[in-house]
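For reference, the chains in residue letters:
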Amino acid sequence: MSGALAWLLVALGLGVVVVRRRSLAVALVTAQALVLAVRAHEEAGAAAALALRALVLGVLLLLVVSRTREPRPVRAGVAPLMRGGLAVTLALALTWLVPTLGLGSRNAERGVLALVAFGLVTVAARAATLFQVLGIVLVENGLALAALELHGGSSAAIELGVAFDLTLIATVAAVFHERIFAEFGSGDAAVLRTLRD
Amino acid sequence: MTSRELLALAVVAAPALTAVACAVAPRRSTFAVSVVGATAAAIAAAVFTVLAVGEPSTTVATAWLIVDPAGGVLVAVIGAVGLASVVVSPSYLGTVREGLVRPGRLPRLYYSLLFAFWAALAGVPVIGNLGGAWLLVEATTAASALLVGFSGKPRALEAGWKYLILTSLGLGVALLGVVLLAATGGGGLDGLSWHALAHTAPGGQTVLIAYLLLLAGLAAKIGWAPVHNWLPDAHSEAPAPVSALLSAALLPAVLLVAWRAGRALTPAVGATTAQSVLIGFGLLSLAVAVPFLWRPLPWKRLLAYSSLEHMGVIALGLGFGGPVALAGVVVHIAGHAAAKALGFYAAVPLLSHEPRAGGQPAGGVGRTEPALGVTMGVALGTLAGLPPSPLFVSELLIVAGGFASGRSWAAAVAAVLLALGFLGLAHALLDTLAGRVRDDSARGRAAGLRVVTILTGVTAAFLLALTSVALWLPGSELAHSLAAGVR
Numbered sequence: 001m002s003g004a005l006a007w008l009l010v011a012l013g014l015g016v017v018v019v020r021r022r023s024l025a026v027a028l029v030t031a032q033a034l035v036l037a038v039r040a041h042e043e044a045g046a047a048a049a050l051a052l053r054a055l056v057l058g059v060l061l062l063l064v065v066s067r068t069r070e071p072r073p074v075r076a077g078v079a080p081l082m083r084g085g086l087a088v089t090l091a092l093a094l095t096w097l098v099p100t101l102g103l104g105s106r107n108a109e110r111g112v113l114a115l116v117a118f119g120l121v122t123v124a125a126r127a128a129t130l131f132q133v134l135g136i137v138l139v140e141n142g143l144a145l146a147a148l149e150l151h152g153g154s155s156a157a158i159e160l161g162v163a164f165d166l167t168l169i170a171t172v173a174a175v176f177h178e179r180i181f182a183e184f185g186s187g188d189a190a191v192l193r194t195l196r197d
Numbered sequence: 001m002t003s004r005e006l007l008a009l010a011v012v013a014a015p016a017l018t019a020v021a022c023a024v025a026p027r028r029s030t031f032a033v034s035v036v037g038a039t040a041a042a043i044a045a046a047v048f049t050v051l052a053v054g055e056p057s058t059t060v061a062t063a064w065l066i067v068d069p070a071g072g073v074l075v076a077v078i079g080a081v082g083l084a085s086v087v088v089s090p091s092y093l094g095t096v097r098e099g100l101v102r103p104g105r106l107p108r109l110y111y112s113l114l115f116a117f118w119a120a121l122a123g124v125p126v127i128g129n130l131g132g133a134w135l136l137v138e139a140t141t142a143a144s145a146l147l148v149g150f151s152g153k154p155r156a157l158e159a160g161w162k163y164l165i166l167t168s169l170g171l172g173v174a175l176l177g178v179v180l181l182a183a184t185g186g187g188g189l190d191g192l193s194w195h196a197l198a199h200t201a202p203g204g205q206t207v208l209i210a211y212l213l214l215l216a217g218l219a220a221k222i223g224w225a226p227v228h229n230w231l232p233d234a235h236s237e238a239p240a241p242v243s244a245l246l247s248a249a250l251l252p253a254v255l256l257v258a259w260r261a262g263r264a265l266t267p268a269v270g271a272t273t274a275q276s277v278l279i280g281f282g283l284l285s286l287a288v289a290v291p292f293l294w295r296p297l298p299w300k301r302l303l304a305y306s307s308l309e310h311m312g313v314i315a316l317g318l319g320f321g322g323p324v325a326l327a328g329v330v331v332h333i334a335g336h337a338a339a340k341a342l343g344f345y346a347a348v349p350l351l352s353h354e355p356r357a358g359g360q361p362a363g364g365v366g367r368t369e370p371a372l373g374v375t376m377g378v379a380l381g382t383l384a385g386l387p388p389s390p391l392f393v394s395e396l397l398i399v400a401g402g403f404a405s406g407r408s409w410a411a412a413v414a415a416v417l418l419a420l421g422f423l424g425l426a427h428a429l430l431d432t433l434a435g436r437v438r439d440d441s442a443r444g445r446a447a448g449l450r451v452v453t454i455l456t457g458v459t460a461a462f463l464l465a466l467t468s469v470a471l472w473l474p475g476s477e478l479a480h481s482l483a484a485g486v487r
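Line by line, the protein sequences are chains A and B.
As numbered in my numbering, residues 1 to 197 make up the first sequence, in order.
As numbered in my numbering, residues 1 to 487 make up the second sequence, in order.
Think of the hints as simulated: they come from the structure by calculation, not from any bench.
Computed from a predicted model, the values in this text were never measured in an experiment.
Wrong hints could be hidden among the right ones.
[Unchecked claim] Partial list, derived from the structure: chain A residues whose beta carbon lies under 10 Å from chain B: (1) V112; (2) G119; (3) F184.
Note that CB positions come from ideal geometry on N, CA and C, so glycine has one too.
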């Protein structure tokens, strides 16, 4: 995998960590998955699974955004620059802690670790419920990248599995998001903190 | 395809077909369809278990299916708890006024999701491939998350959301481990079968990292500390029959995946590492659970923290290994499933009898509703490990297995933590049965008490039989076969 492609995927992922608008973040993860689909052009099955998943998820999540307009932006609690800094720091730490993943190229390995780190930070630092779903999508995009770097022809099967899983989880998350929005008047995970011991 | 493989498929197909049937059947016949489907699924599970456990040395392990004693035990647990949950469900649904969909559609949605969850869950012990197991575990999340939030109440939505996000994120980390194992095994999915993993996974840092990622990810789904935050919320807010399946069947089924992965990868990562990780999770879970068992908690929340404790005990037993500890694990899984499921079923009559018990500890139930008190006493007494509970014997076996395996310090710490946990639950048991009766003007009829009372009799008989079996099990062929692992 070329360094430029890895950087493009990482940049799109970092965008999700820092942007404010939900629709823009959905566009970024969709673009990321489409870039992965293009990268997988030599394996038709994997490319088709990635492209289909990108489009289905993109449409689903944009539909959810349009049906749950926030009266005012959900505050993340952590400033964008701080989130970006945290995400980059975690990505660098993972790259240092995990010397090798055994994938085809070192660029791809770093890209995978960066996307997993960005996904974790997005879930932890964003308060909007939709962004928490996007954090999971980021992690799974990182795993899709890892699967593309496998040898032995299993990447199509893994991409199909990831696509099925992600669509299922995103659909359930969409149901929850809409119910939370209807119940609390906002898709803000900060209101979901009543269950404590 | 052999008869055992066909049975393995039937164990999954029966609940899967029932889920579809419940979705399309006329509304008034939904329960009848669900009872027929549950009975068929439970019979398939029973036959499968008899074959798998009856001849423990005859293991079938293909690229996609596995029929072994460990899977047999879990299939039995899933079948029995699934059937009992379906039987208790009308009592629960009778108390539901609103939910995720319009009231008229609630039963159909409920039963469809319950059987979809059951089908995915039943697939976990019989799937012969780590990649497939991961996919099925993730599928259980999708179905069960909707069930956790089924009531549509704010607390249920919060619990369902936490469960969905935290376990999906954890399983994402586990998938990274799976992908790395696929890479080290040559890239093919066949290389992820339990059999192939045991023979082809080479040593080195990558396999170790993959194993740790896999275990860390699965820990989030099993509910091991420190990634257990979703567990008390989901188990306390889900419908009681679903809580029973979550705690009694789902957690140990995912634990089986972690154990199988550890056993298969032992040649690559080393026995000490594989065992130490499990023991570490086990001790930490026990240590985190014990302080909560000492606190006055609402009934379902108390049971949820008890799940954290018992998953820790099972992890310890698996980590210690050897026929004695593994015999303890088998007894513990079966005994915990029966007692915990009964405890959650008791929540249905409890919450209609004493509505405040949803938010505060139940007190003096033995005096206000003696039959319900007996049910709660059997459940909590068993979970506490009060003799003649089979969990008393299983915990002894596991601790003894720890000393036998040379992990004396871990076994000693576990014994102390188990004693503390026992004291906490014993106190809760006394309070629940004979404690101060709280003034509750909303106290009413205990809905579904008759069904739960019948289940109490069946469960009590099973638990006593299990205690007898527990004394014989360590020297059995089953225990030795489990210790030998996948071949």
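Against the structure, test the hints numbered earlier, and report the numbers of the ones violated in rising order. none
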